[in-house]
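Taken in order, these protein sequences are the chains called A and B.
Counting in the numbering used here, the first sequence runs from 545 upward without gaps.
Counting in the numbering used here, the second sequence runs from 89 upward without gaps.
Derived from the structure by calculation, the hints contain no laboratory data.
Do not take every clue at face value.
[Said to hold, decoys possible] Ranges between beta-carbon positions, derived for each pair:
{"#": "1", "chain 1": "B", "residue 1": "213", "chain 2": "A", "residue 2": "647", "range": "53 to 63 angstroms"}
{"#": "2", "chain 1": "B", "residue 1": "257", "chain 2": "A", "residue 2": "813", "range": "42 to 52 angstroms"}
{"#": "3", "chain 1": "B", "residue 1": "369", "chain 2": "A", "residue 2": "876", "range": "43 to 53 angstroms"}
{"#": "4", "chain 1": "B", "residue 1": "373", "chain 2": "A", "residue 2": "782", "range": "15 to 25 angstroms"}
{"#": "5", "chain 1": "A", "residue 1": "609", "chain 2": "B", "residue 2": "164", "range": "51 to 61 angstroms"}
Please read these numbers as outputs of a predicted model, since none were measured by experiment.
Just so you know, even glycine gets a beta-carbon here, dropped at the ideal spot from N, CA and C.
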Amino acid sequence: MFDVIIIGGGPAGLAAAKKCYDEGLEKILIVERDTQLGGILNQCIHTGFGLGVFKEELSGPEFAHKYIEMLRDTRVEVMLDTMVLEINRDKEVTVINGNGYQKLQAKAIILAMGCRERSRGAIATPGSRGAGVYTAGAAQRYINIDGYMVGKRVVILGSGDIGLIMARRMTLEGAEVLACVEINPYSGGLPRNIVQCLNDFNIPLYLSHTITKIEGENRVERVTIAKVDEHFQPIEGTEIVFDCDTVLLSIGLIPENELSKVAGIELDKRTKGPIVYENMETSVEGIFACGNVVHVHDLADNVAMEAEKAAVGVCEYLKGRKSEGSVDVTTYEMIGYTVPQHIHLPLDKNKYDFFFRVRKIFGPSVIYVIDSEENVLARFNRQYIIPGTMEKITVPKVLLEKGKGNLKVLIEEK
Amino acid sequence: MYDVIIIGAGIVGCSTAYYLSQYDLKVAVLEACNDVSMGTTRANSAIIHAGYDPEPGTLMARHNVKGALMIRELCRRLDVPYKQCGALVVGFDDKDMETIQTLYERGLVNGVEFLKILNREETHDLEPQLSADIKGALLAPTSAIVSPWELALALMEVAVENGVELKLNNKVEAISKSDEVFTVRTSEGEYHGRYVVNAAGIYSDAIHEMIGQKEFTITKTKGEYYLLDKSEGRRVSHTIFQCPSKVGKGVLVSPTVHGNLIVGPNAEDSDNTDTTYEGLQFVRKTAVRSVPFISFGDNIRNFAGIRAKNDRGDFIVEESHSVPGFYNIAGIMSPGLSSAPSLALEAVDWLKGKMELHKKAEYKETRKKVRFNQLSAEEKNELIKKDPRYGRIICRCETVTEGEIVEAIHGVIPAVSIDAVKRRCNAGMGRCQGGFCGGKVAEILVRERGISPLDVLQNQRGTNILVRELKVK
Chain A
545 MFDVIIIGGG PAGLAAAKKC YDEGLEKILI VERDTQLGGI LNQCIHTGFG LGVFKEELSG
605 PEFAHKYIEM LRDTRVEVML DTMVLEINRD KEVTVINGNG YQKLQAKAII LAMGCRERSR
665 GAIATPGSRG AGVYTAGAAQ RYINIDGYMV GKRVVILGSG DIGLIMARRM TLEGAEVLAC
725 VEINPYSGGL PRNIVQCLND FNIPLYLSHT ITKIEGENRV ERVTIAKVDE HFQPIEGTEI
785 VFDCDTVLLS IGLIPENELS KVAGIELDKR TKGPIVYENM ETSVEGIFAC GNVVHVHDLA
845 DNVAMEAEKA AVGVCEYLKG RKSEGSVDVT TYEMIGYTVP QHIHLPLDKN KYDFFFRVRK
905 IFGPSVIYVI DSEENVLARF NRQYIIPGTM EKITVPKVLL EKGKGNLKVL IEEK
Chain B
89 MYDVIIIGAG IVGCSTAYYL SQYDLKVAVL EACNDVSMGT TRANSAIIHA GYDPEPGTLM
149 ARHNVKGALM IRELCRRLDV PYKQCGALVV GFDDKDMETI QTLYERGLVN GVEFLKILNR
209 EETHDLEPQL SADIKGALLA PTSAIVSPWE LALALMEVAV ENGVELKLNN KVEAISKSDE
269 VFTVRTSEGE YHGRYVVNAA GIYSDAIHEM IGQKEFTITK TKGEYYLLDK SEGRRVSHTI
329 FQCPSKVGKG VLVSPTVHGN LIVGPNAEDS DNTDTTYEGL QFVRKTAVRS VPFISFGDNI
389 RNFAGIRAKN DRGDFIVEES HSVPGFYNIA GIMSPGLSSA PSLALEAVDW LKGKMELHKK
449 AEYKETRKKV RFNQLSAEEK NELIKKDPRY GRIICRCETV TEGEIVEAIH GVIPAVSIDA
509 VKRRCNAGMG RCQGGFCGGK VAEILVRERG ISPLDVLQNQ RGTNILVREL KVK
C-alpha cells in the first residue's frame, strides 16, 4: 500500500514527489510512461527554467535533473516505462509494463499527466495530408532528442510558446522560418518568447491570420494564409502564399484527462482539467491534481509550485483533515476561468492564490474579488494583462473571511 | 507466367485475390503504391449498405445485397472490426417522406430484410440526438459499419499466405498481348499472364485503354470528411443518412467501428484528395441539419477520398469487349465497398468459363489478430510474459503496444510507413493523431527494418518525415 501514487514524472510529478518526501510521507511512488523521468522537460533544451524555484536560469533537462538528483537517495520509488491504464475512486491504480499488468493500491493519488498538443484536426485546416505537418512538440522531439531536422522552409501556425521556441530552434539549425501565423489578434505565447524567438530573428508574426490551404502531394510545398474577420472567417483577397516544406502547429495544449474521466473526476469545460480546491484536491476525495493536467501553465516553475501545493494537500488529507463544505469561485466575462474553482471551509490558510487567464488584452485595469452580495473583498491593480500570461492574485484569509457565499473574480478596465 | 494478374490492391483487387487464392492458380497482384488499400478503400464512409438504395435490377442492387451478407461473414472469419449498427434515412418534409417510401419499396424488391418506416416519435426514440425538424425515417437494421482498410488487408494477407504474389510499388505502364499471353510492364519489370483482372479503381479506364478501346470513362469525385474524437462517438448509434440526391447518398453521420464519429462526404469533381475550406464547411452545415449538436471542436482529422464514378451509372463487371481475357471491375462507386466480395466472385465465375479451376487441397480462409486492449487481464499478463514488448504502450490514445507494432512491421504484408502501422494496429489513430507516438513508431520502424531515420515514411513513397541529420554523433 502506497501513501501516494503520483501519475507522471514530469515537472509536476517530480516536484510533488519531492514535497511529499520532505513532508515525511513514507511510501511514495512515481509512475512514468517514458524510460526516464523529466517528461517534456527532456526535449526543452532551451533555457528559461528554474528562475522561480531554483533562482537560477536552467535548461529543461537541467531543471528535471535537479529534481531527479534530489530524489535519488530518498525512499521515493519510481516505475519507469510503465503506463497507467486506469484509476478509480478507491485509489486503485492499474499499471502495465514489461513485467505485466497489475493493480496497485494507494491512500492518495496525485494526477500529474500533463497535457497534449492540439492537432490539425482540432481546427480543421484544409489541404493535402502528405509529410511536413508536425505539432511543434513532435518536431522538437525529432530535432532535440533524435537529432534530425524536419524541414527547411517553415510556416508556424499558432503562436503558443512551443511554436515560438521552435521558430528560434529551426532558425538556429539552418531552416528559414517564413512566418508565424496567429488567428487571434494577440499572441498566445509569453512576451519574452515573442521578443527572443521571433523579433530577434526577424520572423514576422501575422496576427488575425490563419492557414486556409496546405498544398503538396507527398510533402508540403505551399501554404496559403489569409486574414480573418472577427468571427475567425478568412477574408477573400487577403491571401498570402508561402513556398515552404514544413508547417509546425502550435495551436494550444489540452490537459490529458482520459484517466480522470474514467475515475469519475469532475472536469472544468473551460480548462479541460479537473475542478480543484485550494489544496489541489479534485472532486474525488483523496485524488489531487497539479500542473498542466489541471490547466495549461506558462512556466515549469509555476507547475512545480502548484505541485507542492498538491503535495501538502495530500499530507493534510492523510492526517485526516476534514472540511465543512466549500464556496465556489466563479468568473465574469473576460476572465476565462480560475484555479481553484472551489475553496474548502473552514478557511485554514493564511492566504489564497487564484490563477486565471483573461480573454483579451487589458491595459490598466482592476481585478475584483466580490462575494455573493457583490461586496468587494479585494482589489488588484494591473498595468497590462494579456491572454498569453497566466495571472495570479493572492487574497489574505482575513479579507476572504468577510465575504458571504460564493466568490466571483472579475476585471474592469480603468 | 501467371494464370491471373490482378491490377490494383484496393478492396476489389484484395477480394478477388482472396477468392482466387483458394484455387490452384498462379496469381500476381500489381499495386502502384507501397501498401494495399491506398486509394478509395482507405478513405470512404466505411459503411456496409443494406441495399435499399440502388435501383432494382441493377448490378449495384444485386451485388450490394449479396456482398453485404458476405462481408458480415468475412469480417467474422478474418477478425476484422464490423458492427451491424443499422441505418436511418431521415426525412425533413413530405417530399423526403416520398423518397423514403420509394427507398423502402426498392429495398423490398432488392431483398433487403427488416426495413421499416418510422414516424417522428419512433425515430427520436431510437436517436434522441436527431433534429426536431425530422418527420420520419427509413430504418434499415442490416446496415453495418466496418474498417475498410483492415478488411482489404486481411483479405490480401490470407491471399498471400495462400500463395498469391503481391507486387507493391509496381505502377502499370503498358499492357500488350500476343499469343494469348498478356505482358504487363510496370515501373519495376514485366509480368506475363493469361488473364488480367482490372481492379485499378479511379485509374481503371486508363489501364483498360492501355490495351483496349474506350468502353467507359471514370470521373473522379472527391468526398471530404470529419473524423471526431471518441468523446463524440456515441452522438448517434445508427448511421444517419439524409435523403439521397443526384450527387449521391449525401452527408451522413455515423459511429465508426473504432468508436469515433464520422461526418461526410460532400461530392465534388476533383482528382486530388486535398480537403478544402468550402467542402468542409458544406459537410458541417449539411450534417447539423440531421444531427444539430455535433461538437466539431472535437474533430481529430479531416480527410478526403476519391470515388470512381463511371459514365454508365452502374458497376462495370464484365470482360472487355475489345480485349478477350481482360476483365474489368470498374467504376466501383458506392455501394462498392459493400459489393466488393460479390464482384470478386463474378470474376471467379468468369474465369471458370475460361479455364478449369481446382480448389487447392489446403488453403487458409481465416485470420486472427492480437488486439491488446481487448484482452482480459489474464490474457494480457500471459502475452507480456511471453514477450515483454506487449507491456510497453506506445500509442497512449488507443492503447497500442510495441508488440503489436512490431507484429505489424513483420506481418504477412509488412508495414513500411507510420501510416501503414496505423492501418494495421491503430497506433496514431487517436485524439493526439500521432503527436506523441509518431516519433516512437518511427524509431521502431528504424530498428525493425534496419533503415535510416531519413528513410522513415509517413505514408506513400516520397513522404519522408525527416530531411537531414543534424550532427554526426
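Consistency of the hints with the structure:
1. B:213 - A:647: 53 to 63 angstroms: violated, 40 angstroms
2. B:257 - A:813: 42 to 52 angstroms: For residue 813 of chain A against residue 257 of chain B, whose Cβ atoms are near 48 angstroms apart, the range 42 to 52 angstroms holds.
3. B:369 - A:876: 43 to 53 angstroms: violated, 33 angstroms
4. B:373 - A:782: 15 to 25 angstroms: holds, 23 angstroms
5. A:609 - B:164: 51 to 61 angstroms: With a Cβ separation near 54 angstroms, residue 609 of chain A and residue 164 of chain B satisfy 51 to 61 angstroms, so the hint holds.
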